[in-house]
Amino acid sequence: MPEPERAGVPPAAGFDDFFRTNFPVASRIAYGVLRDAQLAEDVAQEALIAAEQRFAVLVGNTQATAWVRVAASHLALNAVRARRRREDRHRRQPIDQGGEGPEELALAREQEVALRAALARLPRRSATVLVLRHSGLSYAEVAAALGVKVGHVGTMLRRAEVALRKEVERATRS
Amino acid sequence: MQHVPEGTLRRLIDEPFAVADRHVRHVEACLRCRHRADEIASDAATVGAWLAPPPSRALADAAPRAREAAARAGRARTLRVPAHRHWRVVWPSLGTGATVAAVGVVVAGVAAATSLTTVFAPTTVAPVPVGTSGLQPVATLLGATRTSLVGLDPGSGTRHLTYGTLSWRSLGPPEVVSSLAAANAATGLDVTLPRSLPNGVGAPSRFVAMREVTATVHFDARAGAALAGSTLALSVGPGVAVLYGATTGGATTMGIATITRPVVTSTGATAAALDQFLLGRPGLPAALALELRLGQNLSGKLPIPIPAGVDSSTVRIGAASAIVLSDAANAASAAIWEDAGGQVHLVAGLLAQQDVLDVAHQIH
Chain F
0 MPEPERAGVP PAAGFDDFFR TNFPVASRIA YGVLRDAQLA EDVAQEALIA AEQRFAVLVG
60 NTQATAWVRV AASHLALNAV RARRRREDRH RRQPIDQGGE GPEELALARE QEVALRAALA
120 RLPRRSATVL VLRHSGLSYA EVAAALGVKV GHVGTMLRRA EVALRKEVER ATRS
Chain V
0 MQHVPEGTLR RLIDEPFAVA DRHVRHVEAC LRCRHRADEI ASDAATVGAW LAPPPSRALA
60 DAAPRAREAA ARAGRARTLR VPAHRHWRVV WPSLGTGATV AAVGVVVAGV AAATSLTTVF
120 APTTVAPVPV GTSGLQPVAT LLGATRTSLV GLDPGSGTRH LTYGTLSWRS LGPPEVVSSL
180 AAANAATGLD VTLPRSLPNG VGAPSRFVAM REVTATVHFD ARAGAALAGS TLALSVGPGV
240 AVLYGATTGG ATTMGIATIT RPVVTSTGAT AAALDQFLLG RPGLPAALAL ELRLGQNLSG
300 KLPIPIPAGV DSSTVRIGAA SAIVLSDAAN AASAAIWEDA GGQVHLVAGL LAQQDVLDVA
360 HQIH
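Line by line, the protein sequences give chains F and V. If you use numbering that gives the first Met the number 0, the first sequence corresponds to residues 0 to 173, in order. If you use numbering that gives the first Met the number 0, the second sequence corresponds to residues 0 to 363, in order.
Treat the hints loosely; a few may be bogus.
[What the hints assert, rightly or not] With a cut-off of at most 20 Å between alpha-carbon atoms, the simulated EDC-like pairs for lysine to aspartate or glutamate come out as follows:
1. K165/F / D37/V
2. K165/F / E5/V
3. K165/F / E111/F
4. K148/F / E111/F
5. K165/F / D338/V
6. K148/F / E38/V
7. K148/F / E14/V
8. K165/F / E38/V
9. K165/F / E211/V
[What the hints assert, rightly or not] To list a few chain F residues with every Cβ distance to chain V over 10 Å, as calculated:
10. G31
11. V58
12. T61
13. H73
14. N77
15. A81
16. R123
17. R124
18. H133
19. Y138
20. A143
21. G153
[Claimed, not checked] From the derived model, a few chain F residues whose C-beta atoms are all more than 10 Å from chain V:
22. N60
23. A116
24. A119
Calculated directly from the structure, the hints in this document are not laboratory data. Given the structure is predicted, the values throughout are model-derived calculations rather than measurements. Virtual Cβ for every residue (Gly too), placed ideally from N, Cα, C.
Let the hints inform the model, and build the full structure from the sequences given.
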């Protein structure tokens, strides 16, 4: 399928390849935050398209790859904060829980909403390191995405995990 | 003495080969650092379970559709293309019959070296004859010398295994509480009790609230290349147990338990690699080994060990498939099943099989 061109702006080299390679990771990162497959796909698309507009060359561009990963995380965290949009989407698209009753569904959604809210309350950098690492990126990849030394990732991750647990526990108690 | 920094302990869980040998040796020799490492591993497993990504196969399927959607939208910066809803979050669900596989499990070997996947999330129970060796091979696999509670002390702990390290942590010891309501409140469960009891079974004598237990197994180089450096994280519970005395007083005649099903996630190791690892363990029950060799997906089945001399059968309890066990004299029986909400139920006692089933049908 030919790539549509914007007037006066050549398409970034290899967008198809870049998209195919990076979409799964970007989706996984977004899903880690949103727990909604459709939203995660949308966020991943948005991040990849934004990368195409930002970088003249995509294929083989490690900076573009890192940028997309952080962008997916930030866009997903922004989407959590737009709580009304998420709740609307859940109402329109009930998650198939394979036979669970409405009470179980409601409880599961409540718990997910609480977890996402806790994640969104963390400092942006802490939430991002959590999402990147727990979506499967190696320490080196997380470091490249965040622009830090790889030796710092463990400390950042540990602090972020403690912070998230505390946020969740605090929300559970209240 | 300078202890290992927390950031290094954290990386030791995920990428042990990236950590300097001197730190590894220190952790092995230092009780304080090992305890800190246990806590860090437990927190990491908990957060990992919260943030676990979806099955990678589903994501691979979504990419071409998303790419077409992006192209159709002309790649505007504020793209909000309604994605095709072919894939959605699907939690493991009970189907009919005893062979429904869990949906939330990735089995394909395409997982990246550090991706987190669910490798065990049962939706039904399955009998596994264990022969005369009983549960000893399982205990040996976990480095225990006795099978009761597989040697796990309450609270938290660490045990070095022949293939890595096992760590566990409970959110609290089992607690005897005053009532079913108190047990439900302590665990967040909603357990109900049967209205009518079999002859000879008295009133409830004890209510026990069991907190969630998490455990991690970290595989080192001795586990082989396919598993080295990866971590399994298990969570099970919480649960509630109710014990009943006899109408004549005295010993417990019946027990009812409900516990949230175990779930196991893995960083790096695929389900196929884990199957191969298990097949290499001595004493694996023959029935289990056969299913693994036949490539059966066991990730959705909770294995129920059936010792030699115990009769077992499969019956329906509500929509669930249940395993019913009884001794040769039908003087002691048990029924175990998993409901659609991921709760595993057990009814057991010094009762005939029909009495156990009567109770089970009341509480399913």
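To see whether the hints hold, each was checked on the structure:
Of the supplied pair hints, the one linking K165/F and D37/V holds, its CA atoms being roughly 18 Å apart against a limit of 20 Å. With a CA separation close to 17 Å, the supplied pair K165/F and E5/V stays within the 20 Å bound. The straight-line distance between the Cα atoms of K165/F and E111/F is roughly 16 Å, inside the 20 Å bound, and the hint therefore holds. Under the criterion of a C-alpha separation no larger than 20 Å, the hint pairing K148/F with E111/F is inconsistent with the structure, at around 32 Å.
Proximity of K165/F to D338/V is assessed by CA-CA distance (about 31 Å); at most 20 Å being required, the pair is judged violated. The suggested pairing of K148/F with E38/V is violated, with an alpha-carbon distance near 25 Å, which exceeds 20 Å. For a cut-off of 20 Å, the pair hint linking K148/F to E14/V stands: about 15 Å separates their Cα positions. Simply put, K165/F and E38/V have alpha-carbon atoms about 14 Å apart, close enough for the 20 Å limit, and the pair holds.
For the hint pairing K165/F with E211/V, the CA-to-CA distance comes to about 17 Å; that is within 20 Å, so the pair holds. A cut-off of 10 Å between C-beta atoms contradicts the statement that G31/F is not in contact with chain V; the least separation is 4 Å. Interface exclusion of V58/F from chain V stands, the closest Cβ pair being 15 Å apart, more than 10 Å. Remark: the non-interface label on T61/F is consistent with the geometry, its nearest Cβ contact in chain V lying 16 Å away (cut-off 10 Å).
Remark: the non-interface label on H73/F is consistent with the geometry, its nearest Cβ contact in chain V lying 15 Å away (cut-off 10 Å). The claim that N77/F lies off the interface holds: its Cβ sits roughly 13 Å from the closest Cβ of chain V, which is beyond the 10 Å cut-off. A cut-off of 10 Å between C-beta atoms confirms that A81/F is not in contact with chain V; the least separation is 12 Å. Distance to chain V confirms R123/F as a non-interface residue, since its nearest Cβ pair spans about 16 Å, more than 10 Å.
At roughly 15 Å from the closest C-beta of chain V, the C-beta of R124/F stays outside 10 Å, upholding its exclusion from the interface. Not every CB of chain V is more than 10 Å from the CB of H133/F (nearest about 4 Å), against its label as outside the interface. Non-interface call for Y138/F relative to chain V: violated, since the shortest CB-CB distance, roughly 6 Å, does not exceed 10 Å. The Cβ of A143/F sits about 14 Å from the closest Cβ of chain V, beyond the 10 Å cut-off, so the non-interface label holds.
Annotated as non-interface, G153/F brings its C-beta within 10 Å of a C-beta of chain V; the closest such distance is 3 Å. Distance check for N60/F against chain V: the nearest CB is about 17 Å away, which clears 10 Å, and the non-interface claim stands. The non-interface label for A116/F is consistent with chain V: the shortest C-beta to C-beta separation is roughly 12 Å, beyond 10 Å. Every CB of chain V lies more than 10 Å from the CB of A119/F, the least distance being 13 Å, so the non-interface label holds.
Of the hints listed earlier, those the structure fails to meet are numbers 4, 5, 6, 10, 18, 19, 21, in rising order.
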